[in-house]
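Peer 1: Protein sequences appear in the order of chains X and A.
Under numbering that gives the first Met the number 0, the very last position in the first sequence is 476; numbers go up by exactly one each time.
Under numbering that gives the first Met the number 0, the very last position in the second sequence is 94; numbers go up by exactly one each time.
Take the hints with a grain of salt, since some may be wrong.
Quick list of in silico lysine-lysine cross-link-like pairs, DSBU-like style, CA-CA up to 35 Å [what the hints assert, rightly or not]:
id, chain 1, residue 1, chain 2, residue 2
1, X, LYS219, A, LYS91
2, X, LYS333, X, LYS170
3, A, LYS9, X, LYS128
4, X, LYS223, X, LYS78
5, A, LYS9, X, LYS78
Please keep in mind that the hints were generated in silico from the structure rather than gathered at the bench.
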Amino acid sequence: MQWETVIGLEIHTQLATKSKIFSGAATAYGAEPNTQACAVDLGLPGVLPVLNEEVVRMAVKFGFAIDAEVADVSVFARKNYFYPDSPKGYQISQMDHPIVGIGHMDIEVDGITKRIGVTRAHLEEDAGKSLHEDFHGLTGIDLNRAGTPLLEIVSEPDMRSAKEAIAYMRKIHELVQYLEISDGNMQEGSFRCDANVSIRPKGQEEYGTRTELKNINSFKFVEKAINIEVERQIEIIENGGKITQETRLYDADKNETRSMRSKEEANDYRYFPDPDLLPVIISDELRTQVRADLPELPQIKRQRFIAEYQLDAETAGILSSTKQLAHYFEALVKSSGCDAKTCSNWVTGDLLGVLNKQSLDIAQSPISYERLAGLLQRIADNTISGKIAKQVFEAMLNSEDDADAIIESQGLKQITDSGAIEAIIDKIIADNPAQVEQYLNGKDKVFGFFVGQTMKASQGKANPGEVNKILQGKLKR
Amino acid sequence: MSLTVDDVNKIAYLARLGIDAQDTESYAQDLSGMLDLVAQMSAVNTDDVTPMAHPLDQAQRLRPDQVIETNNREAFQAIAPQVEAGLYLVPKVIE
Chain X
0 MQWETVIGLE
10 IHTQLATKSK
20 IFSGAATAYG
30 AEPNTQACAV
40 DLGLPGVLPV
50 LNEEVVRMAV
60 KFGFAIDAEV
70 ADVSVFARKN
80 YFYPDSPKGY
90 QISQMDHPIV
100 GIGHMDIEVD
110 GITKRIGVTR
120 AHLEEDAGKS
130 LHEDFHGLTG
140 IDLNRAGTPL
150 LEIVSEPDMR
160 SAKEAIAYMR
170 KIHELVQYLE
180 ISDGNMQEGS
190 FRCDANVSIR
200 PKGQEEYGTR
210 TELKNINSFK
220 FVEKAINIEV
230 ERQIEIIENG
240 GKITQETRLY
250 DADKNETRSM
260 RSKEEANDYR
270 YFPDPDLLPV
280 IISDELRTQV
290 RADLPELPQI
300 KRQRFIAEYQ
310 LDAETAGILS
320 STKQLAHYFE
330 ALVKSSGCDA
340 KTCSNWVTGD
350 LLGVLNKQSL
360 DIAQSPISYE
370 RLAGLLQRIA
380 DNTISGKIAK
390 QVFEAMLNSE
400 DDADAIIESQ
410 GLKQITDSGA
420 IEAIIDKIIA
430 DNPAQVEQYL
440 NGKDKVFGFF
450 VGQTMKASQG
460 KANPGEVNKI
470 LQGKLKR
Chain A
0 MSLTVDDVNK
10 IAYLARLGID
20 AQDTESYAQD
30 LSGMLDLVAQ
40 MSAVNTDDVT
50 PMAHPLDQAQ
60 RLRPDQVIET
70 NNREAFQAIA
80 PQVEAGLYLV
90 PKVIE
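Just need the whole structure built from these sequences, with the hints factored in.
Peer 2: Here's what the structure looks like:
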């Protein structure tokens, strides 16, 4: 039997506000436990939530960016459940009237573009954190995270493979950072994902029973978790079994998913409109402001890079993947005056290679675009060869000096003086009579030997074009 | 619509309310009465009425994104049953 995988994702992205969604407590990561949890976050009696305007603005911005309807009126609701990291006994979320309605996100997998539907995106507050280790059989609760604003982005079940799911997740991840509504930091939990996974016989319309995989917090694990869950489901069905609709946890160490113990009632959240909060009205004025603030979106930037700089789609995709990298590249082209192809090769090859190795992002690059531009200009004006440039680049990584200073202090200037090159070549010809004979007898390959020896003798500083020209003149057959 | 004793017990469980078994029957009757009232209201034609999410016909006021709260952990934790290392301690929630 041929099986088709059906995947929908729920992505929780933490909005990058200074204060919480309903209180004036700080959201900064890493504070001492419970020092950023105020009376509102603790759910103490007599307090009232007041909505943060920045949270609304960010949600609207996201809505516009995925071409979605942004609701005129949206309503907060209480999702009722008891768990110690949620001190009120309910989470303030949105149910029937989310702030962002139907939109979409285009992904590209194996060169094919596919449109993934976004069902909705709604605002809600995060819960606190439970620490289960070593409190004499008790659980420790840190409520600093309680009340942190989240935008939950719910997709349609439109993805058909783990690969597509990853591609979609990456696009959303890229977008929220572009829009500067989230730092997207997965280690700190700013970007988390639940996956709804089911299988059905290929060709069947009807969806199979789905399971929900909880809190998978890296791109790698999303792929692994989905693939292992699909395998599990196929095995059950092919052995005549049935899938139970349930929540499952992915265990990265064992590479398996396992059922989370949950009672039937646990899913009965009894949503109702929160009487503490009035309906949120999105004014025309706010819409106009947000539209005016909208940056060039990654998809559009990518297209522009292809058209404007004649980059291939893959390179354009890499360079437009973050706002900072795109800016670095464009600033480099502009300030070096070099062609875009050369600039993109240096950025995607040498620079990103170093950054990846050192786990740095472009903002932490040891070489600014101004310094790299200085280096590229010395290649362009033949001061140094491409090979020597790599050496200068290495030196720049560990120094604050610009390319000119390094070329000067290390004596790397290219030898273009044909007299000096001629002298080197004459000596090599005199020292290698056997090779000269071979070449004159028609062994073309030996020409490379002479070029190599000349470059070696000049410590790589001889201009290769000049070397070729002189050698050809002297070794005339 | 009428609620059974089982319904009442389930609702009470979800809300973590302890109710006396002897009262359950009368709760079922009272709650059913309320639902009947709602059913009566539901019968009214509201085709041309915009639903309200809140009895106050006003929009939510928004506050600027500013941190105005300071650390009051000590005061809050003074009334907590058990704390350690800045954490609130509660009965273990997972096995």
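Peer 1: Hint by hint, say whether it matches the structure.
Peer 2: Structure-based check of each hint:
As the CA atoms of LYS219 of chain X and LYS91 of chain A are separated by approximately 31 Å, the hinted pair is consistent with the 35 Å bound. Our distance criterion of 35 Å between C-alpha atoms is met by LYS333 of chain X and LYS170 of chain X, whose separation comes to about 28 Å. Restraint check: the Cα-Cα separation between LYS9 of chain A and LYS128 of chain X comes to about 28 Å, which is no more than 35 Å; the hinted pair holds. For the suggested pair LYS223 of chain X and LYS78 of chain X, the alpha carbons sit about 31 Å apart, so the restraint of at most 35 Å is met.
A C-alpha spacing of about 17 Å is found between LYS9 of chain A and LYS78 of chain X, which places the hinted pair at or below 35 Å, so the restraint holds.
When each numbered hint is compared with the structure, no violation occurs for any of them.
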